[in-house]
Amino acid sequence: MRFTTDQQTLDDLRLFGKGGDGSIYQQFNRTATRGGAAILEEWFRYPLSDERHINERSGIIRYFSGTGQAFPLRPELFDQIEQYLANQDERSRLTGREQSLKDRMSGLIAEDSEYKTIHQGVVALVEVVHVLRGIDLGVPAEKEGFETLLAEPVFVELSQLPFKGKLPYEKVVAHDTQLRFRHRDSVRRLLQRIYVLDVYISVATVARQRGFAFAEAVPKGRLFLELKGLYHPGVPNAVSNDLTITPESNIIFLTGANMAGKSTFMKSLGIAMFLAHMGMPVPASSMVFSVQDAIYTTINLSDNLNAGASHFYAEVLRVKKVARELSLGKSLFVIFDELFRGTNVKDAYEATVAVTSAFAGHKDSIFVISTHIIEAGDVLKERHDNIYFTYLPTRMQGTKPIYTYTLEKGITADRHGMIIINNEGILERLKSGKPKITKNRLV
Amino acid sequence: MNTFADKQTLEDLNLTGKYKPGSVFSLFNKVQTRGGEKLLEEMFRTPLLNADEINRRSGLFLYFSKTPYVFPFQGSAFAFVEDYLCSGGQGSLLSTLVYLARKRVMFAVTKDEGFVQLREGIQASITFLRTCRTFIDGFDVKDPGNPFISEILDARAILHDTRLAGILGGGDLNSLVKLASVHHLLTYTMQKEMEQLLSTLHQLDLFIAVGKVAAQQGFSFAQAMPEQEYIFHATNLRHPSLEKAVGNAITTDRYRNVVFLTGANMAGKSTFMKSFGVALYLGHMGFPVAANDMVFSVREGLYSSINVPDDLAQGYSHFYAEVQRVKLIADEVSNSRSLVVIFDELFKGTNVKDAYEATLSVTAAFAEYRNCIFIISTHIVEVGEALRETNNLQFTYLPTIMEGNTPRYTYQLREGISSDRHGMMIIEQEGILEMIRR
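Those sequence lines, one after another, are chains Z and U. For the first sequence, this note's numbering gives the first residue as 19, with consecutive numbering after it. For the second sequence, this note's numbering gives the first residue as 9, with consecutive numbering after it.
Okay, derived cross-link-like pairs now, EDC-like style, lysine to aspartate or glutamate, Cα gap no bigger than 16 angstroms in a straight line:
id: 1; chain 1: Z; residue 1: Lys454; chain 2: U; residue 2: Asp261
id: 2; chain 1: Z; residue 1: Lys339; chain 2: U; residue 2: Glu436
id: 3; chain 1: U; residue 1: Lys361; chain 2: Z; residue 2: Glu393
id: 4; chain 1: Z; residue 1: Lys418; chain 2: Z; residue 2: Glu442
id: 5; chain 1: Z; residue 1: Lys338; chain 2: U; residue 2: Glu442
id: 6; chain 1: U; residue 1: Lys335; chain 2: Z; residue 2: Glu442
id: 7; chain 1: Z; residue 1: Lys454; chain 2: U; residue 2: Glu376
id: 8; chain 1: Z; residue 1: Lys449; chain 2: U; residue 2: Asp339
Simulated restraints on C-beta separations:
id: 9; chain 1: Z; residue 1: Ser110; chain 2: U; residue 2: Gln125; range: 29 to 39 angstroms
id: 10; chain 1: Z; residue 1: Thr262; chain 2: U; residue 2: Arg446; range: 27 to 37 angstroms
id: 11; chain 1: Z; residue 1: Lys134; chain 2: U; residue 2: Ala173; range: 54 to 64 angstroms
Rough simulated footprint, nothing fancy, chain Z against chain U, three-plus residues with beta-carbon under 8 angstroms:
id: 12; segment: 327-333
id: 13; segment: 338-344
id: 14; segment: 370-378
id: 15; segment: 430-437
Keep in mind that the hints were calculated from the coordinates and are not lab data. Virtual Cβ for every residue (Gly too), placed ideally from N, Cα, C.
All chains should be built: construct the whole structure from the sequences, respecting the hints.
Right under this line is the structure:
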C-alpha cells in the first residue's frame, strides 16, 4: 500500500507548480538527466509507506550529501543513448556483411545518419561503463547494484573497448546487436540505476546547499512526530518552529490573527510530512516521524458551482472524505485551515466543536486544525486532554501589528482585522471621494 | 485589454475561457469559422461602454435570433477554402501559369502533393462560392428590418460579379490554362473581394450562432440606457449555465442601489450574484441575457469578490487578499467611476467580531456612492439590523423551507433578512460524525 494523497493536497502544498514556478518539485529538480527528472516526479507521485524503504532512501541521499559526490557522467551521453535505444526496428540492425558499394558511396557523400546514431550510442555506452567501473560510490547497496550489473558479459565486453574515439564498423555491428536487441533489458536496468543515482545525488546537493535535514522514520504503531527547526522552503527568511506530537497531543488546535502565519506554518508541516514519506530531505533541523497511511490537507478550497456545491458544502465533503478514510482504520495526517470558514460563525462554531471532538477519538492520526473561532477552543479544552493548543502571536507597536511567526502555547484572542482595514485607508478613501450623485442632489 | 472587468471578476463569473467547462464563452461558442470565433473572443474581451452601440449590436443578434437562416458551412471545409483563398496569388496570369506548370511537373516527377492540393483548393472554392451564392440570395433584400442588409448587398454584388459567372456556371478544369486562370482570379484579381466576402461570412456565422443560442435557451435582449439613468431592472433573471435555473426579479436605482442579501448555505446566494454579474456583462456586450425585460444603464466596470484565493507568494492571507480587493474597488469607486460591485461573504476569513465591524463600516461607506450598484451577501445578519435605517439599501434573502429534517430551497428572492442556518444539519445528513466515531 502506498502513502496516499489527493489533488487538493498536492495543490495546497504546491508540490507540483503550475508553470513550474517555485513548486516543491521544482526546488528539488536539479537532476542532470531527463530520466532522473522523470524518476523524481514518480517519487513525488508515489511516496513510500514503510519505514524500511524510507530510511534506506534517505540514508543513501544523506550519504551523498555528506561526500559531496557530483554526478560522474556527462548528461548529454544519455540523450545519445536514449535516442539510440529508441530505434527498435529490426531492419536497422547492423549486419556483419561487407558494406555494399551503394552503402559506401552514400557514406562518402553524406554520412549515414542512422549509422551515426548507432555509433554514437555505442560509444556513449562505452564511456558510461568505463566511468562507472572507475568510481567508488561508497554506499554498499548502490555499489553492489552497479557491480552486479557491470559484471554481465555484455558490459564487460564494452569495458574492453577504448574509452574514447571512433569505433571500427565491425565492432559497432557486434555490440549493436548485443546492446540494442539481445541484452536490451540489461542496458535499460543500467540506465534506470544511473537515473536513480542522478536523483540521489541531485537531491543530496539541494539538501546540502539549503541545509535540509534527513528525517528518521519509525514504524507504524505508536504515533510519533518530532520536528525541530521546521520552516517553509518557499518563504525567504522563514522563521522556524519546533513541534512534538504524541497520542497525548495528536490534535493541534491553532489560532492566531490574520497574517500571523497560520497557513504558512501548516503548509510547512504538510510539506515536511510529505517529503519525509518520500525519504527526501526536509526543511527542518531534525525530524523523527512514525509512518502514516495518508495525508489530506484542506487549505485553499474553492466552491464549485457546476457541481452545485457551495464553499461550505465543499468543506463538508472534504471532512466527509477524511471521515471515510478514518472509518477504514487508516492512520492519517490531516490539515484543515480555517475549518468551516465558508459558513456563518454560529454554524462554524458548532461544527468545529463537533468534528474536532469526533477526531479526538482517533489517537493514531494527526489533525492540525486552525480556526478563528476561539470560543470552540474553550469548550474543547474542557472535553479532551489530547488537544494541543498553540497560537501564532501578534505584537502591536502602536497601531502596527508585528508578527513573530513563532508558536506559543495556548489560545490567542488577537483580532486585527479592523486594524488592517484601517491601515489600508479604505474607509478614508471612500469618505474623501466625490460620488457622482449624492444624497443631497436626490432630494 | 479588458477595462470593464478584471481577471478575478472574469474567473468568479466563469465568463471567458474556451476550454473551461461551463464558461459563458463556451455556451455561446457555437460558431463554425475561426473568424467567427475570433469575433466572439473580441466581443467577450471588450464589452461596449456606449448605450447606442450596445443597442445596435443587440439589434443584430435579435434579428438573427428571430429569422430561420442557417449557416451553410462546416468548420473544417470552411477553413480549407479560407486557407486557399488567403494563400496569395501571383502577379500576372503568365507567372501563375508558370507556377502551376512547375507544380504539375513536380507532381509527375517526385509525387509532390502541392499540385493536388492546389487543384482541390480551387475545386472546393468553386463549390463554396456556389453555396455562398445560394445562401446570400436567400436573404430578402427588401426586408426593412435587416440591420445587416448593406453587407449582404455587398456580398451579393461580389457573388454576381461577371468575372465569376463563367466559373460558377460549371465547366471543366482539366486544362492547365483554365486552372491557372481561375487560380489567378480567386487569389489575385479578386483577392480583396474574397476577403470582404469571408469577413461578411464570419460575421453572419457569429450572428446566426448567437441568435440560435438565444432562441434555443429562451434568452432575451436587454435594452441599454445612458449611464445617468443609473437603473437596472430585470425579471426572470437566472444563471445561463444552469439547467432548470430559477428566475428572480430585481430592480436597482439611485434610491435603492445596495442589495443586502442573506440566506442559509446552499440557498443560492452565490448563484444569484453570479447570475446578476453575468447578465450585466452580457448586456454590455449586446448579447442575449438569461433574463426578461432587462433594462440597464451603462456602467464603467464590473468588480466581483466571490472566490478570492490567498497568495502565499506575495505573503497574502485570505483575509488580506480580500482587503486588497476591497481597497482596489474603493479606489475605483472614489475616483467617480460608475461600477457594479459584487461582494460575496466579505471578510469570512476573519473572526466574527472583526467581520461584523468590517462588513458594517465598508457597506455603509460604499452605499454613499449611489451611481454604483452593490450586491453584498453575508451571514452576519446583525450587520443588516444595524443598517436598517440606511434608506438606499434593499434587504432580500433566499429562503429555506424545512420539510421535517430536510431543507428545501426555493431559490426565490424574498424581502427581508434571514437568519436561517443549517450548517450542522448538513453535517448530520452526511453522516460524518458517525463515520468518524465508527
